[in-house]
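Visitor: Given next are the chains, with one letter for each unit.
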Amino acid sequence: MNTVIEARGLEKRFGRIRALDGLDLAVNAGEVHGFLGPNGAGKSTTIRVLLGLARTSGGSATVFGQDPWKDATTLHQRIAYVPGDVSLWPNLSGGEAIDLLSRLRGGTDNKAAYAARKARLIEAFQLDPSKKGRSYSKGNRQKVALVAAFASPADAYILDEPTSGLDPLMEGVFNQEIRRAASEGGTVLLSSHILSEVEQLCDRVSIIRAGKTVESGTLAELRHLTRTEVSFARNGLTEADLSRIPTIHDLALVNGRAQFTVDSDNVSPVLRALTDLDVKGLRVAPPSLEELFLRHYGDEILPAEASSAELPGRKARRRAASKVAGAR
Amino acid sequence: MSTVVTLFLQRLRRDRLQMLIWIVGIGLLVEFSVSAVKQSYGDVAGRQNILELAVANPSILMLRGTPEGSGLDQFIFFDIFTFIAVLVGLMSTFLAVRHSRAEEESGRAELLAATPAGRTLPTVVTVAYGAVANLVVGLVVALAFVAGGLDVAGSFVAGSATAAVGLSFLAFGLFAAQLMRTSRGANGVAAAAVMAAYAVRGIGDALGTPSADHLHTTVAWWSWISPIGWAQQTLAYDKNTLTPLLLSLAFTAVLLVLVFSLQSQRDSGASLLAGRPGRMDARGSLSSSTSLAWRLQWPTVVGWCAGSAFAGILTGTLAHAVAGAADADPNMEKIMASLIPGGKGSLVQLFISAIFVMVGILAAACATQVIIRMRQEEVAGTAEQVLATPVSRNRWLTGYLAVGAASIILVLLSGAITSSVSALAVGDASARIGDSFAAAAAQLPAALVYLTVLALVFVALPGWTIGLSWTLLGLGTVFGLFGGLVGMPDWLRDLSPFTHSPVPVGTSTDWSGGIWMLCIAVAVGAVAVASMRRRELNSA
Numbered sequence: 005m006n007t008v009i010e011a012r013g014l015e016k017r018f019g020r021i022r023a024l025d026g027l028d029l030a031v032n033a034g035e036v037h038g039f040l041g042p043n044g045a046g047k048s049t050t051i052r053v054l055l056g057l058a059r060t061s062g063g064s065a066t067v068f069g070q071d072p073w074k075d076a077t078t079l080h081q082r083i084a085y086v087p088g089d090v091s092l093w094p095n096l097s098g099g100e101a102i103d104l105l106s107r108l109r110g111g112t113d114n115k116a117a118y119a120a121r122k123a124r125l126i127e128a129f130q131l132d133p134s135k136k137g138r139s140y141s142k143g144n145r146q147k148v149a150l151v152a153a154f155a156s157p158a159d160a161y162i163l164d165e166p167t168s169g170l171d172p173l174m175e176g177v178f179n180q181e182i183r184r185a186a187s188e189g190g191t192v193l194l195s196s197h198i199l200s201e202v203e204q205l206c207d208r209v210s211i212i213r214a215g216k217t218v219e220s221g222t223l224a225e226l227r228h229l230t231r232t233e234v235s236f237a238r239n240g241l242t243e244a245d246l247s248r249i250p251t252i253h254d255l256a257l258v259n260g261r262a263q264f265t266v267d268s269d270n271v272s273p274v275l276r277a278l279t280d281l282d283v284k285g286l287r288v289a290p291p292s293l294e295e296l297f298l299r300h301y302g303d304e305i306l307p308a309e310a311s312s313a314e315l316p317g318r319k320a321r322r323r324a325a326s327k328v329a330g331a332r
Numbered sequence: 057m058s059t060v061v062t063l064f065l066q067r068l069r070r071d072r073l074q075m076l077i078w079i080v081g082i083g084l085l086v087e088f089s090v091s092a093v094k095q096s097y098g099d100v101a102g103r104q105n106i107l108e109l110a111v112a113n114p115s116i117l118m119l120r121g122t123p124e125g126s127g128l129d130q131f132i133f134f135d136i137f138t139f140i141a142v143l144v145g146l147m148s149t150f151l152a153v154r155h156s157r158a159e160e161e162s163g164r165a166e167l168l169a170a171t172p173a174g175r176t177l178p179t180v181v182t183v184a185y186g187a188v189a190n191l192v193v194g195l196v197v198a199l200a201f202v203a204g205g206l207d208v209a210g211s212f213v214a215g216s217a218t219a220a221v222g223l224s225f226l227a228f229g230l231f232a233a234q235l236m237r238t239s240r241g242a243n244g245v246a247a248a249a250v251m252a253a254y255a256v257r258g259i260g261d262a263l264g265t266p267s268a269d270h271l272h273t274t275v276a277w278w279s280w281i282s283p284i285g286w287a288q289q290t291l292a293y294d295k296n297t298l299t300p301l302l303l304s305l306a307f308t309a310v311l312l313v314l315v316f317s318l319q320s321q322r323d324s325g326a327s328l329l330a331g332r333p334g335r336m337d338a339r340g341s342l343s344s345s346t347s348l349a350w351r352l353q354w355p356t357v358v359g360w361c362a363g364s365a366f367a368g369i370l371t372g373t374l375a376h377a378v379a380g381a382a383d384a385d386p387n388m389e390k391i392m393a394s395l396i397p398g399g400k401g402s403l404v405q406l407f408i409s410a411i412f413v414m415v416g417i418l419a420a421a422c423a424t425q426v427i428i429r430m431r432q433e434e435v436a437g438t439a440e441q442v443l444a445t446p447v448s449r450n451r452w453l454t455g456y457l458a459v460g461a462a463s464i465i466l467v468l469l470s471g472a473i474t475s476s477v478s479a480l481a482v483g484d485a486s487a488r489i490g491d492s493f494a495a496a497a498a499q500l501p502a503a504l505v506y507l508t509v510l511a512l513v514f515v516a517l518p519g520w521t522i523g524l525s526w527t528l529l530g531l532g533t534v535f536g537l538f539g540g541l542v543g544m545p546d547w548l549r550d551l552s553p554f555t556h557s558p559v560p561v562g563t564s565t566d567w568s569g570g571i572w573m574l575c576i577a578v579a580v581g582a583v584a585v586a587s588m589r590r591r592e593l594n595s596a
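Residue numbers (our numbering), protein chains in the order written: chain F, 5 to 332; chain C, 57 to 596.
Calculated from the structure, these hints are not laboratory results. C-beta: ideal position from N, C-alpha, C; glycine also. Certain hints may be false.
Okay, the calculated bits of chain C under chain F, using three or more residues with CB under 8 angstroms as the criterion [claimed, not checked]:
(1) 341 to 348
(2) 430 to 440
Just a sample of chain C residues kept apart from chain F, beta carbon distances all over 12 angstroms, derived [stated by the list, open to error]:
(3) ILE82
(4) VAL111
(5) ALA338
(6) LEU517
(7) LEU529
(8) THR533
(9) GLY562
Which chain F residues face chain C? A few, computed with CB under 7 angstroms, are given here [claimed, not checked]:
(10) ALA58
(11) THR77
(12) HIS80
(13) GLU100
(14) LEU104
(15) ARG109
(16) SER134
(17) PHE236
Kindly produce the complete structure, drawing on both the sequences and the hints.
Guide: Structure follows, in structure tokens:
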């Protein structure tokens, strides 16, 4: 299979801070790839390296087989990008910003097709393109960037937490557009810390933490990492009955229900035992990525670590500024 | 009550440095002006000469005000009061908008309005805070005059007049904040009102009727519709009457009533005049990073061009008067010659060159803002979106350099054209046209040096761009322009590009300094563009 984005042992240091510390990433052609990690894990830094906006301190990265730093302009003809923290020109309207970015990407050569796509997207995202950049809310700024990204077809879409400001309805529109882009043959790298959107959209995911890749694969491949949760009505079953169920973990009796977890690749013998016990009100929940995430970070990550690895740039200062403003 | 105190202290806390700079700056300006006037016009005869010249020349009256007596104190009031009034006016409008519309626009006002402070109390506190700030400024101005040895009673009248101007424009700033949707719009309207008040009283002063001894003027009605005009009519150090300030207070009161009635009617964040909607689609011309740079920058360029046009009009209209004055006062020629290094030529040419040095500084300042805009784009993250398209870093930078060079040329042209036209309009010889364009061209190299050197700063030390830009411009201006007057050593003066600008006076002009600077500007620009290839985007 054709690899569109490949990073090997990517390193990026900002002074003493290691934002990326040996990150690996492989995105195949035509797939929607989830790029997961908590805040400050290095997602945005990786994306900036892949766009040639930042240079690596070590390791290698290629996009379409080319060096993103050296061949930035040729690569950018094929890439659409949505930044995580969209800022717009205060005195340009949203419509102007969309046209400008699309023209810069060279995506407006076929004027009629571009106008139709733009009109359709503005309608779908319910965007008012006549407002000035300064008066958009965060979600609407994001919509402007999304419309600009989708308004002309690209070979690769690099989207940095693109739905963090969108309401659920708009997330639905976004999902549709991603599927459309993928069906047109586009490759999508979608960074997020919202697991549900990744779960719905992505063929494969890479999970990073503190600048390193900790897991990578299809969702099915990663599910072995978590346990399936099983619960049913207790209905007078004794502890002894329950203890006959094989290979279960964390057995608990809560509100008249028995619940436990089981390794996801080991569900069948458990189900057989449950049939023998003739349980009622059975619920078997597949592991969500939430749990997968919790297992990777929940018990180990410290708050200080999360913030120290944050890119020492705009995002961090914005956050600090908004805290100050909030305190007033 | 404790809410009021909290809000008041919050304003003070937020503005402490800014207000300190305004107030101390205005105080020092008064102090320096007093000693400068004392030095240049120490004797009554000299002052009377100047005043007669002034009364005969409407453009001086328009710029300065009307003379009211030839005493030193009165002369100083005539010389600087309108400038102080403009400064205090701007200080007050910025203060008003900063604590009203800017807060609403950013959404911070909403945070406060949701507390028991409500929608109106913060504005009440802003009025109180602005009033206190203006009283302090008035006091500082009065004390600075007293410290300069001026009459105490007159100084306090001048201080009160200053505070009254500030109060009027504090109220106007708050009114503009009710009208406009954005802080940028409100600041624009309010600052324009300050300039209009200055201009209107200028017309009234220029159209005034001089007394028989040419030492007093009865101003025309125009001066009586301007808050700055009212303050002038206190006639500090002469009649010392505070009555005209009642007009200022009434003006303030009426505007405040309007402000509070508008504010109590409208939603938080809304405005009397709705914001103009933008375009649905971009014009066809907005299709490159360079056209974007121009789109972002042209309003600023227009502002600097207006400043330069103002200087040009002065040059054109005054050159004639200067020629006349030179015959009357041989001292003038010496003063002019000291302003221009190595200047030997006709007094009028020297005068034109002297003013065009200022125009050159305006052009350099305009170029400085282009570089600062580029840095702001980088910090805001909008540059990132442009650079994520097929626009290379060096092409992006080159676009800004092109816009910078175009801005410089426009500012210089604006000065040269207005100077020529206004010289022709007052019936001066058409030879002034050549002098004006030569003087403007002479300023081009120094401004270009600023443009490319600051671009190199942007590439090499991005985090320093904004601070260093204004510092370098300020130092260059001080070393180059005033270095000769205060006897700075030559090597220090030589650091400033402005020192090396050619002076096109007389028959043989030495253009070598300009040619060297052009070479330097091109070389530095090339280095900046080449180095940009290797630089990461840096928003920190």
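Visitor: Which numbered conditions among the earlier hints are violated in the structure presented, ordered from lowest to highest?
Guide: 5 and 17
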